[in-house]
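Chains as they are written, first to last, in this note's numbering: chain A, 1 to 432; chain B, 1001 to 1318.
Some hints here could point you the wrong way.
[Claimed, not checked] Derived BS3-like pairs (lysine-lysine); straight-line CA-CA distance at most 27 Å:
#: 1; chain 1: A; residue 1: K284; chain 2: B; residue 2: K1158
#: 2; chain 1: A; residue 1: K284; chain 2: B; residue 2: K1212
#: 3; chain 1: B; residue 1: K1188; chain 2: A; residue 2: K284
#: 4; chain 1: A; residue 1: K6; chain 2: A; residue 2: K236
#: 5; chain 1: A; residue 1: K314; chain 2: B; residue 2: K1103
#: 6; chain 1: A; residue 1: K246; chain 2: A; residue 2: K365
#: 7; chain 1: A; residue 1: K398; chain 2: B; residue 2: K1103
#: 8; chain 1: A; residue 1: K236; chain 2: B; residue 2: K1188
Derived from the structure by calculation, the hints contain no laboratory data.
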Amino acid sequence: MRYIIKHGRVIDPANKIDGELDILVAGGSIEKAEKSLTEKCDKVIDAKGRIVAPGLVDLHAHLREPGREDKETVASGTRAAVRGGFTTVTCMPNTEPAIDSPEVVRRVRDIVAKDALCNVAIAGAITLSRAGKRIADFAKMKEAGAVAVSDDGSSVADSALMEDALKAAALDAVTVMCHCEDAKLSAQGVVNMGFISTKMGLKGISSASEYEIVARDIELAAKTGAAVHICHVSCKESVELIRRAKSAGVRVTAETAPHYFALTEDCCVTYDTNMKMNPPLRSKEDADALRKAIADGTIDAIATDHAPHTDSEKDVEFDYAPFGVIGLETALSLSIMELVDSKIVSWSGLISKLSYNPAKILGLKAGTLSKGAPADIVIIDPNKEYIYKKELIESKSKNSPFIGWSLKGKVTDVFVGGKRVMEDEEYRQPCL
Amino acid sequence: MTKIALNKSVWKKKDLLGLEYLSKEEIEFILYTAGSFKEVTTRQIKKVPALRGKTVVNLFYEPSTRTRTSFELAAKRLSADVINIATESSSVKKGETLIDTGKNIEALKIDTIVVRHNCSGAANILARSVSSSVVNAGDGWHEHPTQALLDMFTLKEKLGKIEGLKVSIIGDIAHSRVARSNMWGFTKLGAKVTVCAPAMLIPEGIEKFGVKATNDLAEALDGADAINVLRMQFERDSAVAFPSKLEYFKRYGITSEKLAGCGKNIVVMHPGPINRGIEMSSEVADGKNSVILDQVTNGIAVRMAVLYLVSTAKDGQR
């Protein structure tokens, strides 16, 4: 199928485009992006009043397959992704078994080929079983299709081992995605350490448990030359460390997640377990520092850290509930409301954080509307408002802190590799 | 009792989860109501029909003798029927969640659940999952509101007021729900509160409670009208934090000598059970300044007031 998307406001930060253009999609790729296209095509889509952008790229999602299909599957997770405007999601290796070998990478790729509604980039583990003891085979996992390595929820505690891992990563040219946490400092903690943890009577997780490992990993990045990506930055000290490292020329990139700038630790006081995530929601000061870091480029990307858990796992005492919230379906709206509307970033800046930069960080062929690029496209109605209700959630799990929120900005159409997978907010049998 | 009936409108909550969530007026109203019930407990026949036909369930996930007995007696003196459910292990280990347990108990058509739980926030979670009244009998390190209410009741009884008093809370503040409820309650009623503990037992952000924190016992005792001495739980979390019992007693243990140095007659409270020779000497525990056994007695009147008020408020919501 040849499509022309007409009259939309095309935002393509890779080519510094922000203006009304038409886009011709053919053979799965972007063929042209010009004013007033008159070429022949099978279908014209009128995108007047809407934003046309490269499909969003999530650096950090948990699709739970294989092993925890009760929480999410590749099918349900990518469906949620498309609803949220993502055309690529990076799946983290904390599956059962962990994605720590070329065999498991291939197994996930097979599931993706069969079930996924959008592209899935695979992050392999840094260490076998993510146990922090022995380094996984990065080269072979890369060969099998992994695009990055991460031990995800388990920070590599052994600094000597981490250094070796970064050396290997530099050699194999894979990005290392670091979940930074000193598990001894954060042990049994469930909310940010401070007045809130004290008054709730819960064990706190200090910012230091995060930024001390951020500092270590930056130092190791500088020493080894590996590309280090800091996951879900939540506190102002981490921001400052990354800012300084960047200005010193260290190869470091960073992401944060919408809940870290849209919410604060005060949201936890009702013991709502959908406010429990790791790292925890921090103070208002931290959230403000993150906004500033998004504005000045210290934070390169907004990732979801989409972490599905079932109702029965979450409907328990705060201490017993697992960490994590879903986020694929709300990331764009929250970013529009919290970042664009409050003038932290321009629309083009937002698309950079949600598409162009994440693609660049992992070296993916995505995040751009350049001629010849895969036609991964999202069309957004930027002003449409809606109430985010539990029954609207596409993800298998419903653990969102934003249920009941009035959100703004809705994805209307999505193309993945030239296939139209969403039309006027409805999923559609993809046809090329 | 007529005065209570007239003022019933002050209290509208079906639950008592913590003193953080109460206004000064609500706290004063509970204390006032408790005063009327205290009179009942001194009668020859110590029973009133206020909750006749109602059922109170004591749902205890942690072992407790004194609090459970006090609640049980309070309910019985209001003529309620009482069921005790003691669950030593946590709900998760048992395979039934707290919410499921709560809903199952409610299906037995009971009226009030008194819950004690090792997890902070358990009472909050239970209260929003059931329509029965929920009374927090201690949740993790979070709150133990009836303990703080009986502390306030006892001190008011002794000194005639709370406002303007200097009250010092001494001991493991970090791991104490009694400390938290005391801080909320006493500051709301206008007392000047100081908390005193070795640095590792004072949690982050404590000054935001509106209290003063010190590591120096002399400072906590200086000018104090009352002290509330907490149990040092060396068998639990405090153990890792402080080197030895003897060292603790030397620095923070309350002795007659230390009290004598203050000039003032300081009222001594303790939520019990006392570790004699650790946080307090026997001489102080049994001495003339101690109101520890009055606290136990007053606990019944305070819990009668709480059970009565939440039950009446719930009936009013129907």
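Quick rundown of the hints versus the structure:
1. This hinted pair does not check out: A:K284 and B:K1158 have alpha carbons roughly 43 Å apart, beyond 27 Å.
2. For the suggested pair A:K284 and B:K1212, the alpha carbons sit about 24 Å apart, so the restraint of at most 27 Å is met.
3. In summary, the hint linking B:K1188 to A:K284 is supported, as the alpha carbons are separated by about 26 Å, within the 27 Å threshold.
4. Proximity of A:K6 to A:K236 is assessed by CA-CA distance (about 43 Å); at most 27 Å being required, the pair is judged violated.
5. For the suggested pair A:K314 and B:K1103, the alpha carbons sit about 17 Å apart, so the restraint of at most 27 Å is met.
6. Restraint check for A:K246 and A:K365: the C-alpha separation of about 24 Å stays at or below 27 Å, so the hint holds.
7. Note on A:K398 and B:K1103: the hinted pairing holds, with a Cα-Cα distance of about 22 Å set against a maximum of 27 Å.
8. For the suggested pair A:K236 and B:K1188, the alpha carbons sit about 34 Å apart, so the restraint of at most 27 Å is broken.
Of the numbered hints listed earlier, those contradicted by the structure are 1, 4 and 8.
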